[in-house]
Amino acid sequence: DGGITQSPKYLFRKEGQNVTLSCEQNLNHDAMYWYRQDPGQGLRLIYYSQIVNDFQKGDIAEGYSVSREKKESFPLTVTSAQKNPTAFYLCASSIRPLNQPQHFGDGTRLSIL
Amino acid sequence: AQSVTQLGSHVSVSEGALVLLRCNYSSSVPPYLFWYVQYPNQGLQLLLKYTSAATLVKGINGFEAEFKKSETSFHLTKPSAHMSDAAEYFCAVSSNAGNMLTFGGGTRLMVKP
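Residue numbers (the working numbering), protein chains in the order written: chain U, 453 to 565; chain E, 62 to 174.
Just so you know, not all the hints are guaranteed correct.
To be verified - Distance condition first, Cα-Cα at most 35 angstroms in a straight line; then the derived DSBU-like pairs of lysine-lysine:
| hint | chain 1 | residue 1 | chain 2 | residue 2 |
| --- | --- | --- | --- | --- |
| 1 | E | K173 | U | K509 |
| 2 | E | K110 | U | K461 |
| 3 | U | K523 | E | K110 |
I should point out that these hints are in silico values taken from the structure, not numbers from a laboratory.
With the hints as constraints, model all of the structure from the sequences given.
Structure representation (structure tokens):
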């Protein structure tokens, strides 16, 4: 079945460490997105990519980095510069143009030890 | 510019009662509108979408929504709530001009036995 796979489901990070969240899709979608979700809040866009080797910052990109070397993959790195990284992270994908509905993975919950 | 407002961060209904979740949007061009559902520790799942065809849109799990241009609304309804409907619901807007989806803050639906 086609879909989006995020791994791991739960992730723990020590202070000062970088950590990378995986997102893989087999839907043949061009566009991919990363969102952050905090308790009781909506979705905030971190980064998005419309095509391989290209990506744009969203509303809260500081402290995060991404790469898009393959169409299927859009990993997110949470760097030590992100002061409050504890959150639920959601990856999504869609066909282009960007006004099309997005398909979501099941998320990764990141916690600070 | 586009935005979406969901009135009521929490809604509680009894099992078998009508479900009404409110969504108002703002868009300078004709909108595309979406409702998503999120169960605990999962990603978002598309319930239904409006893209300028019929104004009454039927979705999965017995939900439907009506696009009312004069009221800039896209409220989600279900005639009879089921315990399994307890989840968080997100309204989102994009447009036929290609703008990316903008999500509302979400409404948590609780269903009482």
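To see whether the hints hold, each was checked on the structure:
no.	hint	in the structure
1	E/K173 x U/K509	violated (41 angstroms)
2	E/K110 x U/K461	holds (28 angstroms)
3	U/K523 x E/K110	holds (26 angstroms)
The structure fails hint 1 only (numbered hints given earlier).
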